[in-house]
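Trainee: Given these sequences and hints, build the entire structure.
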Amino acid sequence: MSATSTYVRTYLTRIVVVVAAVATLAGYYFAYEPISTVSNELNIWSSLITSFTLFVGLISVFARYSRSVMNRDNNWPFHLYCLAMIVVWIIWGNMIGMYSTLYQTLYMSTKITLHITIIGQLIFFSVSGMYRTFRIKSLRTAVFAFFTVLIVFLNMPPLIAPFPALSTAAYWLLDNPQMAAARAMVMCGGIGGVILGIRILLGIEKGALRVTGGD
Amino acid sequence: MMQIVTSVVGEIIRTGRVAQFAFLALLAIFTSYAYSLGRKGRTWDIRPLEGLDAIDEGIGRSAEMGRPILLLPGISGLNNAQTMAGLTMYGEVTERAAKIGLDTHTIMTSTQAVTAAEAIARDAFVRAGKPEMYSPGKYVRWFGGGQFVYAVGAAGHIMEMRPALLIYMGYFLADVIVTAETGARIGAVSIGSTTDQSATPLMGMFCDYMLIGEEMYAASAEITRNPLAIATLAGEDWMKLIVLILMVVGVLANMASNNFVWQLLGM
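Heads up: the sequence lines are chains D and B, in that order. No gaps in the numbering here: position 81 of the first sequence is 80 in numbering that gives the first Met the number 0, and each next residue is one more. No gaps in the numbering here: position 257 of the second sequence is 256 in numbering that gives the first Met the number 0, and each next residue is one more.
These aren't lab readings, by the way, just hints derived from the structure by calculation. Just so you know, these numbers come straight off a predicted model, no measurement behind them. The beta-carbon is built from N, C-alpha and C at its ideal position, and this holds for glycine as well. There's no promise every hint is true.
In silico contact screen, one side only, chain B against chain D (beta carbon under 7 Å); selected entries [claimed, not checked]: (1) I12; (2) F20; (3) T30; (4) T87; (5) Q111; (6) W141; (7) L227; (8) A228.
Mentor: Now the structure itself:
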């Protein structure tokens, strides 16, 4: 890798990221008009770059599936179908308009039907997972299973109605240990996220900002 | 005097964000100090994480079985710290796996992340001394932008490739039910990690090992044992100590009918 390429990939990228990060943070914290303007302008740039990267995704799908079709890999007919549908929907959307009633109806009918199918399957996946997890094999799993059953009962009024104390116990579990743990996770996660960002900006992490042969 | 300071600060910093800014500044100071100590040779011990030890075991298992590795960074983009943590770990795992000739794949839901992941994969192969193994579009997949598009695409990919090690590290929601259960059915060793409250119990249910909360962000520092990365974790711990002290003082003050901590935080 040439020195120029290393410089551009390591330092120029990092400078752009640092400037953008500082401007965005400053725009969020400080009520100073020029900073807000720069921050908004950078957000517009970010949106434009994001839109452009959609082509990268499409090219990735086309490259992968075309190769699969040409090599007659496993499931190649599905990949061919996917490619054909992408082309058809792009052409069609441009011809009749993406917001036309026909396009929207067909798109939503396809998307929502498939979406609901997957959501319907979640219960089977969940039951399968629960069957493995909540089997009592040790004291630890017994405690886990007991409290899980308690929470399940909470959502079954006919079962919990005769035992109001169980309801109190279940709500205590949700409002105290569960909420405390959830809040601890959110707070520590927030701090950890900032620290990770600092590590990436400093080039300690092997992210996209640190190039081979650089620092 | 205090009123003047408050007024001036209120004019410069947006209302309700003074405490946030103070916390961020404090965190930056702590991290910089810990980093400078790290550069001078100061070292810190960190406790071993079971989930991370499982990564090396999983890579070894993949090598024995001759199967690839799959790392899923979730359904968010580069604007999410969890995705960044997943991408960072993707670099580490790809490098380790490439050294013994193993493929590490990933699937993105954001096209922005596809470009970043490609750069990370290429660098990882170069670092591993196997640049010839890298091929654009081979390791980084994109099936679409939706939550369940991602889940179904990933599940299909898992069934097709049958990876021996599956790492979930990033932002997930109910989609993890589909991908993790599919992984469990093919017998892959699975390691889950997210800071999302709704996905954490799901990962606990479906995965063999877990990294909880901020362990996900500390993972790359722990796995590489880089002293400078570990130094930043020390800065993080100091900040957590401050938060803990503030919480205890706040609770005690509240019990004494004093809400100065609330006022301090702008609540």
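Trainee: Against each hint, give a clear statement of whether it holds in the structure.
Mentor: Results for each hint:
1. I12: holds, 6 Å
2. F20: With a minimum Cβ separation of about 5 Å from chain D (threshold 7 Å), the hint on F20 of chain B holds.
3. T30: OK, holds: T30 of chain B within 7 Å of chain D, min 5 Å.
4. T87: holds, 5 Å
5. Q111: holds, 5 Å
6. W141: This interface hint holds because 4 Å falls under the 7 Å limit.
7. L227: This interface hint holds because 5 Å falls under the 7 Å limit.
8. A228: Holds, because the Cβ-Cβ distance from A228 of chain B to chain D comes to roughly 5 Å (cut-off 7 Å).
Of the numbered hints stated above, none is contradicted by the structure.
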